[in-house]
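Protein chains: 2
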Amino acid sequence: MSCVVHLKAFGKQNTDEHMRAFAEEVFASETKGEGVRDEISLFEEQDDCPILKQEMAYHLQTEEDTEKRRVKKIFTKLNDQARKVLAPVAEVLMDTPTYLEVPDFQRVAIIGDYASGVTMDDFELSCKGVYRALTIREKYMRLAYQRFPLTTSQYLRDIEGEPFMPEHSVQPVFTSPPKEGEDPFNTKCLPENLSWVARMKDGVIYVYKDAAEADQHKPIENMPAPHYETFIDDMNFLIALIAQGPTKTYSHRRLKFLMSKFNVHEMLNEMEEMKELKLNPHRDFYNCRKVDTHIHAAACMNQKHLLRFIKKSYRVDADRVVQNIKGKDVTMKELFANLNLHPYDLTVDSLDVHAGRQTFQRFDKFNAKYNPVGASELRDLYMKTENHIDGEYFARIIKEVASDLEDARYQYAEPRLSIYGCNPNEWTKLSVLSLCRNFVPHFGKMLENIFMPIFQATIEPHANPELSIFLKHVTGFDSVDDESKHSGHMFCTKSPKPEEWDIVKNPSYSYYIYYMYANITMINQLRKARGMNTFQFRPHCGEAGAVTHLLASFMTADNISHGLNLKKSPVLQYLYFLAQIPIAMSPLSNNSLFLEYAKNPVLEFLKKGLIVSLSTDDPMQFHYTKEPLMEEYAIAAQVFKLSTCDMCEISRNSVLQSGLSNEEKTHFLGADYLKEGPEGNDIRKTNVAQIRMAYRYETLCYELNLIKEGLKTD
Amino acid sequence: MSCVVHLKAFGKQNTDEHMRAFAEEVFASETKGEGVRDEISLFEEQDDCPILKQEMAYHLQTEEDTEKRRVKKIFTKLNDQARKVLAPVAEVLMDTPTYLEVPDFQRVAIIGDYASGVTMDDFELSCKGVYRALTIREKYMRLAYQRFPLTTSQYLRDIEGEPFMPEHSVQPVFTSPPKEGEDPFNTKCLPENLSWVARMKDGVIYVYKDAAEADQHKPIENMPAPHYETFIDDMNFLIALIAQGPTKTYSHRRLKFLMSKFNVHEMLNEMEEMKELKLNPHRDFYNCRKVDTHIHAAACMNQKHLLRFIKKSYRVDADRVVQNIKGKDVTMKELFANLNLHPYDLTVDSLDVHAGRQTFQRFDKFNAKYNPVGASELRDLYMKTENHIDGEYFARIIKEVASDLEDARYQYAEPRLSIYGCNPNEWTKLSVLSLCRNFVPHFGKMLENIFMPIFQATIEPHANPELSIFLKHVTGFDSVDDESKHSGHMFCTKSPKPEEWDIVKNPSYSYYIYYMYANITMINQLRKARGMNTFQFRPHCGEAGAVTHLLASFMTADNISHGLNLKKSPVLQYLYFLAQIPIAMSPLSNNSLFLEYAKNPVLEFLKKGLIVSLSTDDPMQFHYTKEPLMEEYAIAAQVFKLSTCDMCEISRNSVLQSGLSNEEKTHFLGADYLKEGPEGNDIRKTNVAQIRMAYRYETLCYELNLIKEGLKTD
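In the order they appear, the protein sequences are chains A and B.
Everything in the first sequence is counted per my numbering, starting at -5 for the first residue and increasing by one.
Everything in the second sequence is counted per my numbering, starting at -5 for the first residue and increasing by one.
If you're looking for bench data, these hints aren't it; they were derived computationally from the structure.
Each hint should be verified, as a subset may be incorrect.
All copies of an identical chain are treated as equivalent in the list; a pair is satisfied when it fits inside any one copy or across any two copies.
Unchecked claim - Derived SDA-like pairs: lysine to any residue, alpha-carbon spacing no greater than 25 Å straight-line: (1) K305 with H276; (2) K706 with G239; (3) K359 with F99; (4) K593 with T619; (5) K601 with Q355; (6) K479 with M446; (7) K488 with D227; (8) K305 with N281; (9) K593 with F354; (10) K250 with E118; (11) K393 with T619; (12) K306 with H276; (13) K601 with T353; (14) K255 with G350.
Just chain A, same shape as in the assembly (with noise of 0.2 Å):
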């Protein structure tokens, strides 16, 4: 029976010539069946139905028959398809392409579950409190060029009545890759000075027309800066919320449900995902686009790479003058005899840079592990930008990096340089590359010594060439430290304004945060007022320390690293999931660090639909192989069991969160990437399901959905 369904499947693939051989073979096995026997004694199979023999010899002796048998099937449909979708001929150009199709899934309805077992009034409270958290995140990352998701701002129109209007919707500016023959350092194609003025008032920097309307605070216009009591307001209502009882059970029972739900969708449609998988040519694991959304430049290279380079500049290099103490010229052997060692007897063991046990819940450690021997004279030979040798040896460092990178293909990293905001010409010197470490009067003077350059070569760019230059390939902005850290100061309306904070003693996390929104912000208005990329701001966050900082993230970040801490709050991973906001995270770093693999919530905010990527961190530290990236998805997937889906649907996480430019992301996911659901997923460039994208886009609606059903009913 099985024999001739199958029949009837190769017929309708009418692959008319594989029949004829087929046929063709049935006939012989018939006549010499001794022969067949051998061929096909692999397979203990009754010997009645030759056809059937034929057909096993094909397939395994499996419960996987006729699954396999399907793919088989499928597999001449495929090519058929795959040969269509590449020529471009007219007629196949139809309205959905076929790599668009969503396979029929099995999907979990729940019937009459609008109050999700939360008396009434507490649903409708929740309701009102998470469609307001929203709309405060709609209007900050609006206000400075930062994404939020359309299908939620649907739904917040919805509730308001309000058409959607898509123009309204806005997204961040990257520069595209230079084009060939192009030389990314040409400054001709720099905009024209502006006579325009930048000046700080109150820790933010304004743009005004010239001095004199800078005197009245006059800003030029369209260019609103976000409003501090405003902010404050929301910041405040936000932290009720979160410790709102009624929100706090409605958002935890909504994620158990996710997380069910999830599990329930895998149970079912896990091989049906698997098998577009299989039915999907060309592209794999292997070869679908990987970010590495988070990784630090002092340590983007592995420990073993950065012992064969210190050594082999050992060999090269030794009579070179590295260092000036005091006038006195220092070469390298002086420097390394000065630290009573010599490069070659130097292994990973005495380089010391790998997180071991010892930093787990020491993050002091863990810095101290950047100095190569525990000496920062290497630190800054090799892993500093503003050295005797102007961070040459770092920046070649990081040229082996990318080149492996290129090598290994289809992998991409954002490096984050540091910038301490100590003096007004860091940036000049990191636009070749640099860092420094002084003091500063005051806060506000940090501010002023970190955005006003970017602010002078975003108004003059020819007077500022270089840093405008750089400032092209600049895609975000990070704030780190050790969260874990705790700042007694609460920031509220009474908080001194950056000017005044002239005390030794760090402002708090949301202080520091606001106030690089908030000049981000001014500088992106600006700088797409000057059809000139923007920026996104894409901090440190729930690593450790308060949840109040992932609160701060959710009102002024396009995106963050880590966020362990949603763990702790159930309404702001609720809130997370909603606006899908971007969440690198790196299992291996805080493995070393913060959390233990096993315990790390990366599986659990993937199966209850948050967004998350895997990024290194640091490689120096954490990583032990060549490819450390592939070392972070390896590990993940083996630890966490994760499905070639899951993988790749983290893969095309990483590419959306990445500061790829629009053409890149076109490129590496298809050309509606920024459409939302199956419609924007291009299967043969991402390797995800798309019965995965319409699980994931049905599931957001209907938990954003219920929010709008909780305010209707009043």
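Go by the hints and put chain B onto chain A.
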């Protein structure tokens, strides 16, 4: 103050030139204070002691200071040492070279623990049992030229009041790699043929002077076979022992003690061990030798590699005849056409050889994964030796894997080839690489098919030159199947002889094992007598199934693969420790098949002092990266938070466990690698701390001594 101490320290090391430089700089710093402040502004230090400041500039501003200062100190010492050790000057060749010195470390001593918390009677009973168990293994290891630890032997003799005769201890013989310019396939150097006769009796092959003696079953002397009844008695004794209450309690307590003892050792000496490694020049985890002690040739390439190979082969060989189905030649093109697929469309997903979640607890599905795209034809073509192209592709893939290993350096593998014992010419084929799969009339025939050709090639090398050469490079025999399949049969004196075993049902594991062992024993004696290399028995064992499997291996195997189920029998686990039986563990393989990664006992075993190594088993199914063995180590290191010393100890274990020749082991581990304890460890080659070696050795002696005490009392 601290700087004064430090100066003394330097003084001790009498590195005068350093002192001068140091003093100079101190002086300089005194004069141009300003410059210094810049120099060392990284360190918030009170400015009263310039020397201190200067010193700080060398070290890190953390509690590790003292730590690091010591390191720095010894670095000087080390360099002297290294020079000494490397220079072949008579005057430094002292009795114990410095690298053998065990630095002081903190030891854990228990006072008056001899009865270790069980009643005196139970203690004595257990010690008697354990003692006898060890003598049983010792006996069977010697008989087959397999290994038994000297230390344990010494204690056994001690208990018996016998003198310990080192000459009684045997070692396997492995063929050294071919010398420069030597032709490994040269058949000239084969020993001459003998007129001896090999014949199977009751499942065991004996060697006779001639046919006449064979007819009267008068085997050649000094080639004793294991005694069947005695073996059964010994086995039954062990079965009783591992079920014996008191011995279970005792072993359980000892193992718990071993665990806690290691944890204490680690807490006390982790830093000291690390220091040894930091002071060990040139050698680190990356360049200490590791052997993949358990890897199946048929799956030794990773999935991506196989995919690339298939595509490549199609590009060049599409029109090559690769099959002959009933007289009809089939080209590769046709083969793929029949399968309805084009290699161009193949991806890792459609290849579908990676073990996913579906294979957990499903060995059957796992086996199915061996078929690319679920098509046995492709397995036959690419991963088998008996096919139309005589396994050419399979051989080529293995060569590629080998050259990858050479590129990676310091990594070695012992691929396992399959032989089914279906017909006597398998070996001839295998010697030019081959497999097969028919059925055999009875178990005895299978044994004969497996072993007789080896006896013949050993007696008449020139009659079977190819096989004889091949056997020179065979180091052992495995026995592999789905252990979880239970066979009702219980091995006992009543068991049918192999020649009588003609039912379809498989005999029990122990039955298999016994006859494998018996024949390996006979061959080894014959080959040893002929000055040829011997074979080890290295079965899969304790991956699943009954603990009696591990018992049978305890009696017969030089070392095993997996051993997970030692978790289930404290007595066997304790015996494996006392007999230091190497266990090749594959946590990633287990993770896909039998046991979740975090639950793998590999860490527990390592801590207790069992001899574990890490192996990949089947990179094609389990691994993601280009370096499967490194992936295996990296993941273990990350998940189990292994220290460098742990990882290097595992690497060292893997070399010891392997079938690498004495020559290679000497090169990789040091000239004294056969000695036990610290004196057997050359840290310069292994990067294993002498403190660790001492701890292991003293711990083993302590446990053995307890048994001695237990037996003294009566």
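Honestly, which of those hints from before does the structure not fit? Going through the list in order, the structure violates hint 6 alone and respects the others.
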